[in-house]
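Chemist: Spelled out from the first residue to the last, the chains are:
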Amino acid sequence: MTPRPEVHRRGAAIGALVAAAAALLVLAAACSQEGSPAVSGPSPSGSRPGGTVSVFAAASLTEVFTTLASAFEARNPGTKVTTSFGGSSSLAEQIRQGAPADVFASADEVTMAPLVSAGLVEAPTVVARNRLTLVVERGDPKGIRSLADLGRPGTVLVLCSAAVPCGRLGAAALQRAGVTVTPASLEDNVKSVVNKVALGEADAGIVYVTDAAAAGGKVDRVAIDGADDAALAAVYPMAIVKDHRNDDGAKAWMTCVTGPDGRRVLRAAGFLAP
Amino acid sequence: MTPRRRRPPVVALVLGAAGLALLVLPLAGLVGRAPWGAALDALREPAVATALRLSLECSLSATAIAVVLGVPLAWVLARTTFPGRRLVRAVVLVPLVLPPVVGGVALLLAFGRRGLVGQHLDAWFGIRLPFTTAGAALAEAFVAMPFLVVTAEAAFRNLDRRFEDAARTLGAGRWRVFRTVVLPLTRPSLVAGAVLAWARALGEFGATITFAGNTPGRTTTIPLEVYLLLESGRVDGAIVLSLVLLVVSVGVLVALRDRWLGGL
Numbered sequence: 006m007t008p009r010p011e012v013h014r015r016g017a018a019i020g021a022l023v024a025a026a027a028a029l030l031v032l033a034a035a036c037s038q039e040g041s042p043a044v045s046g047p048s049p050s051g052s053r054p055g056g057t058v059s060v061f062a063a064a065s066l067t068e069v070f071t072t073l074a075s076a077f078e079a080r081n082p083g084t085k086v087t088t089s090f091g092g093s094s095s096l097a098e099q100i101r102q103g104a105p106a107d108v109f110a111s112a113d114e115v116t117m118a119p120l121v122s123a124g125l126v127e128a129p130t131v132v133a134r135n136r137l138t139l140v141v142e143r144g145d146p147k148g149i150r151s152l153a154d155l156g157r158p159g160t161v162l163v164l165c166s167a168a169v170p171c172g173r174l175g176a177a178a179l180q181r182a183g184v185t186v187t188p189a190s191l192e193d194n195v196k197s198v199v200n201k202v203a204l205g206e207a208d209a210g211i212v213y214v215t216d217a218a219a220a221g222g223k224v225d226r227v228a229i230d231g232a233d234d235a236a237l238a239a240v241y242p243m244a245i246v247k248d249h250r251n252d253d254g255a256k257a258w259m260t261c262v263t264g265p266d267g268r269r270v271l272r273a274a275g276f277l278a279p
Numbered sequence: 015m016t017p018r019r020r021r022p023p024v025v026a027l028v029l030g031a032a033g034l035a036l037l038v039l040p041l042a043g044l045v046g047r048a049p050w051g052a053a054l055d056a057l058r059e060p061a062v063a064t065a066l067r068l069s070l071e072c073s074l075s076a077t078a079i080a081v082v083l084g085v086p087l088a089w090v091l092a093r094t095t096f097p098g099r100r101l102v103r104a105v106v107l108v109p110l111v112l113p114p115v116v117g118g119v120a121l122l123l124a125f126g127r128r129g130l131v132g133q134h135l136d137a138w139f140g141i142r143l144p145f146t147t148a149g150a151a152l153a154e155a156f157v158a159m160p161f162l163v164v165t166a167e168a169a170f171r172n173l174d175r176r177f178e179d180a181a182r183t184l185g186a187g188r189w190r191v192f193r194t195v196v197l198p199l200t201r202p203s204l205v206a207g208a209v210l211a212w213a214r215a216l217g218e219f220g221a222t223i224t225f226a227g228n229t230p231g232r233t234t235t236i237p238l239e240v241y242l243l244l245e246s247g248r249v250d251g252a253i254v255l256s257l258v259l260l261v262v263s264v265g266v267l268v269a270l271r272d273r274w275l276g277g278l
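Taken in sequence, the protein lines are chains H and V.
Quick note: the first sequence uses the numbering used here, first residue 6, plus one each step.
Quick note: the second sequence uses the numbering used here, first residue 15, plus one each step.
Watch out, some of these pointers could steer you wrong.
[What the hints assert, rightly or not] Chain V regions said to be covered by chain H (calculated; three or more residues, Cβ under 8 Å):
#1 122–128
#2 240–247
[What the hints assert, rightly or not] Partner residues aside, some chain H positions facing chain V, computed with beta carbon under 8 Å:
#3 Ala97
#4 Glu114
#5 Thr116
#6 Ser166
#7 Val169
#8 Leu191
#9 Glu192
For the record, the hints were derived by calculation from the structure and aren't laboratory data.
We put the CB at the ideal spot given by N, CA and C, even for glycine.
Isolated chain V (complex conformation) (with noise of 0.2 Å):
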């Protein structure tokens, strides 16, 4: 059947076209203020470069601890059945309506120095978490991982169980039938829970700023920065750091869709 060139319907449009301004009217905004002879001043700051690093630094490890744990949660979710299984669905998504400095409250009291299972890291391994690198990194991780559970799980449970089942018939072992038919069949969305995961934890601030504190160097990343700038009447800096963060996400975005994410 050859699909007819029909106009979309007028309501479509009208709507659609209203959504992409509320999306873009604000990037238009920070745009259109952005001091651009003082941003190349600002960039060549160290302290800018220092928070850009640690921002990259900080989101690719979240990204890293949900994709090493959240592929394999989405996979028991989505395979298995357990007494509690909704229950456990639901918590998984908590952190996406949590508010964010709610979020690095309960990390504080669960990873603090007096936490839960902060005081044992402390008094065993001599671990804490807050003020440091690997805990702005867990907190972004917290925020972020839902994002790729609930992508991974849909993936997983959409999959046609009858290819793995005739790999299985062939001969293939459990982990094969999963690194030759799952994963493959599966990629694209885990590629795509990924990505979310990773843009949000780029731009994660209120459990940082919350369980990790500010600490230039440490845990001071770009979202961080910019609010520090707001706060002390910079606002100039703020847009320009704004800016830097918004290119390197689009950057990386555009990048990934042509390489891998073909729909996304």
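Excised from the complex, chain H in its bound form (with noise of 0.2 Å):
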């Protein structure tokens, strides 16, 4: 291995501390109850949630709810988070049998709207949008400039499943791209397809911009024309379970990742506003 590439790690490792801490400082002040329209609450200072909140989550906002929940926590001592991050749908058929949730974020609509119309959970607000792009193997061995490189026979692409969000977007990309793929594995989740191709298992895969920023310079990133186009955006809508055990974290919860202190948090990460 030459010495560059370690010591450019290294600089992205220090980078990604220093952000982190930074990210932290900003959230000294963040999701306080201060300002929000609080209900009631055993404490005389005002109204501050107590107990544990449960939140459900996509796997692609682990990142972004796990410094959150730290933030949460800080500013209103005695409340617990606990998170449960994976599938959308896996999640989704949890809080159908019953799962003791007191927020659930998809990484889609399609995922919540049964919820919602099965009464299970409250009218969700959309918390942020994401975006597509390619990520290839660290210095790009493979020459990959766009989606029709994807085409060439003899590359090794992987892609999300088509049960899963990112799939159905990564089909909608490459559809629209007009370009007919061969995909060595459709995987489960976007976080499998990011970590085959930092294993360079694969040459090239498609996810989201906040997953390929997650992994930091493990992998390259090339842009997808059109990414930005609303059709091919990721939208993750959040919404307080009915059944929920929390009903003062819940909302604290909420008024945490839709005020300006969450959508900071977000936009460091890569998401686009809702």
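Reassemble the complex: the two chains are provided individually, in unrelated frames, and hints are given to aid placement.
Modeler: Structural data, given as structure tokens:
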């Protein structure tokens, strides 16, 4: 291994640390209850949520919600946020089976809609949007510059399965570009796609910008033409589960994510504003 | 001595019944929730037939790998002494405790395109295991082989060596002793170990999807198909397919039990 990428990677790691520290500093003032329409609470100084808030969220929100959860706990002493990240459909099915969730954030509206019509969740709010990008092996040894290059024979391409939102969006992007591909694997979630490219098993994959950013320098990004188009954007609706246990906590969490600080953290991770 | 008929202790009955309930209730839930009307339609889907064929193909290949490599390994562990033997025996058990997804990552780092061995397989022979049926079988063998090795090692260890000594004094060579004395005497355990390994391979999910990916017709076995159906919100389809796997595995176990397994 040449020393150059080593230095580069260490630099990236330090950069990530600095960014994380900065985010936490910013968040020292974030996600508190001041200014939010509070209902009732045990504390005499005003309403503060207590107990545990159970947040179910799509896998691509892992980094952002983990950061927000720490900030939320720091600003609301005595409140604990438990997070459960996974494929949106699995989480929706768990909620249908009575899993103890207070809040659910899905990676698409297709998954959220049946819960709304079944009366299991309250009206959802879109908290973020995401867009697709190509990721290629570090250094791009195969010289992949656009979606069209994915059709070249011998290219090991890994996509999300059509069972998950990134798979449906990826297929739409390929169709729009008029590219026919033979994927080596249809992964069950977007993180697996990033990992296969980062490990060098695949030459390229289609993932969200945020997942590519979270991978740091382990993969290179190649922009997709038209990725900003609304038809190719992922939408993240979040809703309070009707059968929730912690009313104050659920509302406070919604306020935290949709508020200015939540947006700042989402934007820092590469999400687009709702 | 004639065994007197006695009622088993109440504690054993109660705990035993609770244990059985723990194993059976989830299956009852599966059967109860099954959309029987849609079941036949689901079975006619070509993707299901393909996944079932792949599941059988991969699990049987994995069992073959486990037998061919695992029986000699068990023999060596049971019958020889060498420095570090205890460590080797512990390492053999690692896949049993390793989360299968971690096993899949480990397999990628060893046999992947950039892996320790995989990079040479690729460079010298053009062999790439990830995303192939062979890769899926290898991942299943990794997870399943310890079941065979542990069972076979116990059988070899418990075998009375005097039978072998007698055969040797009568002039039989080592291979003949193994074939005509050791194998017949340990066969029930070896078959039981192979069946355990096969059953584990058939249900394998984590290592397979991590190492071999999910490619319909190549690596999408029934457990992967079930998971993806759940992910896409098609719970009914997932339940039907789970039942298919259940029926096939129970059917094979019942058939084997009568023919070979005796006490298993």
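Chemist: Hints numbered earlier in the text: which of these fail when held up against the supplied structure?
Modeler: 4
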